[in-house]
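Q: Following the hints, complete the assembly by docking chain B onto the known chain A.
Now for the letters of each chain:
Protein chains: 2
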Amino acid sequence: MVSVGRIEPQAMHFAEPLPLTSGKQLNDYTLVYETYGTLNAARDNAVLVCHALNASHHVAGVSPQGDTGWWDNLVGPGKPLDTNRFFVIGINNPGSCFGSTGPTHVNPDPAANGRVYGADFPVVTVEDWVDAQARLIERLGIARLAAVLGGSLGGMQALAWTLRYPERVAHCVAVATAPKLSAQNIAFNEVARRAIVTDPDFHGGHYTEAGTIPKRGLRVARMIGHITYLSDDSMEAKFGRATRSESPVDGARHNYSTQDIEFQVESYLRYQGDKFSEYFDANTYLLITRALDYFDPAHGHDGDLSAAFAIARACRFLVVSFTTDWRFAPQRSREIVKALVDNRAEVSYAEIDAPHGHDAFLLEDPRYHSVMRAYFERVAQGLATRDERRAAPSRPAVPSGDGAPYSAREGSSS
Amino acid sequence: MVSVGRIEPQAMHFAEPLPLTSGKQLNDYTLVYETYGTLNAARDNAVLVCHALNASHHVAGVSPQGDTGWWDNLVGPGKPLDTNRFFVIGINNPGSCFGSTGPTHVNPDPAANGRVYGADFPVVTVEDWVDAQARLIERLGIARLAAVLGGSLGGMQALAWTLRYPERVAHCVAVATAPKLSAQNIAFNEVARRAIVTDPDFHGGHYTEAGTIPKRGLRVARMIGHITYLSDDSMEAKFGRATRSESPVDGARHNYSTQDIEFQVESYLRYQGDKFSEYFDANTYLLITRALDYFDPAHGHDGDLSAAFAIARACRFLVVSFTTDWRFAPQRSREIVKALVDNRAEVSYAEIDAPHGHDAFLLEDPRYHSVMRAYFERVAQGLATRDERRAAPSRPAVPSGDGAPYSAREGSSS
Chain A
1 MVSVGRIEPQ AMHFAEPLPL TSGKQLNDYT LVYETYGTLN AARDNAVLVC HALNASHHVA
61 GVSPQGDTGW WDNLVGPGKP LDTNRFFVIG INNPGSCFGS TGPTHVNPDP AANGRVYGAD
121 FPVVTVEDWV DAQARLIERL GIARLAAVLG GSLGGMQALA WTLRYPERVA HCVAVATAPK
181 LSAQNIAFNE VARRAIVTDP DFHGGHYTEA GTIPKRGLRV ARMIGHITYL SDDSMEAKFG
241 RATRSESPVD GARHNYSTQD IEFQVESYLR YQGDKFSEYF DANTYLLITR ALDYFDPAHG
301 HDGDLSAAFA IARACRFLVV SFTTDWRFAP QRSREIVKAL VDNRAEVSYA EIDAPHGHDA
361 FLLEDPRYHS VMRAYFERVA QGLATRDERR AAPSRPAVPS GDGAPYSARE GSSS
Chain B
1 MVSVGRIEPQ AMHFAEPLPL TSGKQLNDYT LVYETYGTLN AARDNAVLVC HALNASHHVA
61 GVSPQGDTGW WDNLVGPGKP LDTNRFFVIG INNPGSCFGS TGPTHVNPDP AANGRVYGAD
121 FPVVTVEDWV DAQARLIERL GIARLAAVLG GSLGGMQALA WTLRYPERVA HCVAVATAPK
181 LSAQNIAFNE VARRAIVTDP DFHGGHYTEA GTIPKRGLRV ARMIGHITYL SDDSMEAKFG
241 RATRSESPVD GARHNYSTQD IEFQVESYLR YQGDKFSEYF DANTYLLITR ALDYFDPAHG
301 HDGDLSAAFA IARACRFLVV SFTTDWRFAP QRSREIVKAL VDNRAEVSYA EIDAPHGHDA
361 FLLEDPRYHS VMRAYFERVA QGLATRDERR AAPSRPAVPS GDGAPYSARE GSSS
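In order, the protein sequence lines correspond to chains A and B.
Per full-length UniProt numbering, the first sequence starts with residue 1, numbered consecutively.
Per full-length UniProt numbering, the second sequence starts with residue 1, numbered consecutively.
Okay, chain A solo, but in the shape it has when bound (with noise of 0.2 Å):
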């Protein structure tokens, strides 16, 4: 399979503001996007996707920079996602750090006298999130989406799309995700963020005037995070309780040291914090874990996710979850899908028993991209232009129960 090869991101200008969850607005934004694949006469084949903390609308191919897609894997020609059929959209969400605007950009206000937002940056939600998105869509000339897609966070923004537009989208895929998070949940996001704001080059989240970049903050925060992407089991697989190669002197098999490094997982977790704390901006991760720390859709339902979703249950969903997620386990992806049942949505469930934790959803697992294939060839026969050559299905697609609920699990869990 080949990639979508070299990709240039756009940006579309919004002058009209966005109105947010907050009561605040967002003024006279930019959003960055990528799109693989063609668009089809009936412009009904495109498909969005949605990225989570540390990701952005550099999906596929090979940027500009030489970065390989985030989800390059599942995307491309003749990939699960097959950009030979539809048409993809990769977007950046406002408040990133990686195009759209964010905290890093001019703040328009007047008042700010052409400072940086830093942490005057408004408060954004997954709910803003896809309200920026539906207006890119629209201006792209797409009524409905054929389907929209995301891990993680991406998926709660996919399921979102589903409670603030169900008639602008056909398929929901939500993958590696949650209804909202968990007490523990907040609780890592808490730490990394009380990390960030700490340290004494945070300046109140005001850090780009006073010259200073907050990387002791980012580097705690990442290795936390890191922490929580991963299963124990793999981490156990991966590192173990190995030493550093050159750590023992005189034969021994430590150095007895506080801190100097010990332990590869050690030194692997150094590692990722101090090239993350090169790239990422801390305002966003704020902004970023905050948006996790507030999406509950079933609150403004008295905590009934089945009301929630009643608006959704034209939408068709996948759900997958990954057996040694912990970060979002599969009980949480469950409790989605008894929502939608409790509807009578139709909905497709996978449980994939893979090793890697909750990064699985960005891996590229056999079972679980054959989950994936099956559906796309299933949302592509729904398309009203779908050309019958390509239509013709070449792999089963996921069984439905034409219309009824469906629960399809691969693999087990114990």
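Hints in this document: simulated from the structure, not taken from any laboratory.
Same chains, same names: a pair is fine if it fits in one copy or spans any two.
Straight-line alpha carbon distances no greater than 27 Å define the calculated DSSO-like cross-link-like pairs of lysine-lysine that follow: (1) K275 with K215; (2) K238 with K338; (3) K238 with K275.
A: Positioned in the frame of chain A, the structure of chain B alone reads:
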């Protein structure tokens, strides 16, 4: 049941150097300890209690400062570890910040010119602590402990006693512990250490000289630790997504802030972190987490834990785990039990169905405490000079297969 009452800590000075695993040694040190109950004429009713990361010699009763001991619910007259029968010793390990010689004490090395150790305090291991404890026990005139007991890191010390001094300990009670840290365990320790070490107030560990305290790092370290001590479910039950009652303005659910507290769990964690940073020493935190990292008795036996425990086969063991403990999950305790069974050592195993995660070992769960009570009844029955009236079993002891391995399971794990 009553408490052991007001307790005065005692101190014992050691002039002879303590050789350490690292190859260094500890000169001229003091150990602080407390005792509860009375040493009998045969001097065979002593039980040593080993402490975990954030604890001390103050196991039971009320300190001169008015603090209740950390295991007061377990240790006292008529309690599961009954001080009417046993002479219980709580001991503070070297490297601690609670009284025994540690990084906050003056370095006796003349080259240090009367400065505190700080980062120059030598790295200590679980085995070093056990050696220090053994000297104190010897000085108390106790040739053999009726039992050594500990939870978490304390459980590792209890296990290490049976490996280093098998002839000097009759019973070992190891609660909520593991035979070594996993990669994930080490990873969490490392993030906490990085938060401390990269705090600008840390000054390479010589913050006392600099007149600072790395409170930011200590706060983050404690917050991370705290998450791993609680189960996901118990955090959910305790906090869920509850917001601070004073948080919402104008009837809104949230303040929409990236830096202020929105959720109760954030408030709780910040409070725990703040409190901890007021009394705990940063170098001690590094030393104790490193002792956790280094503990690996199987390492000297090519990773074969059964081979490691061959020397301890004459000791008798109670191993206890808790179903929702994800820091040291039941599987980790079962590894210990298997190694003991492989050696035909006498071992009882209880897996307690408790919701509180790792912290359960400190709590007063009726099933947990009944297992502990029954086991210590059995220990009492083995004393040479037992009081026949008291030793008559008023409660059923944990059954034993007359020296054959026995595994008791309390509650169920799914």
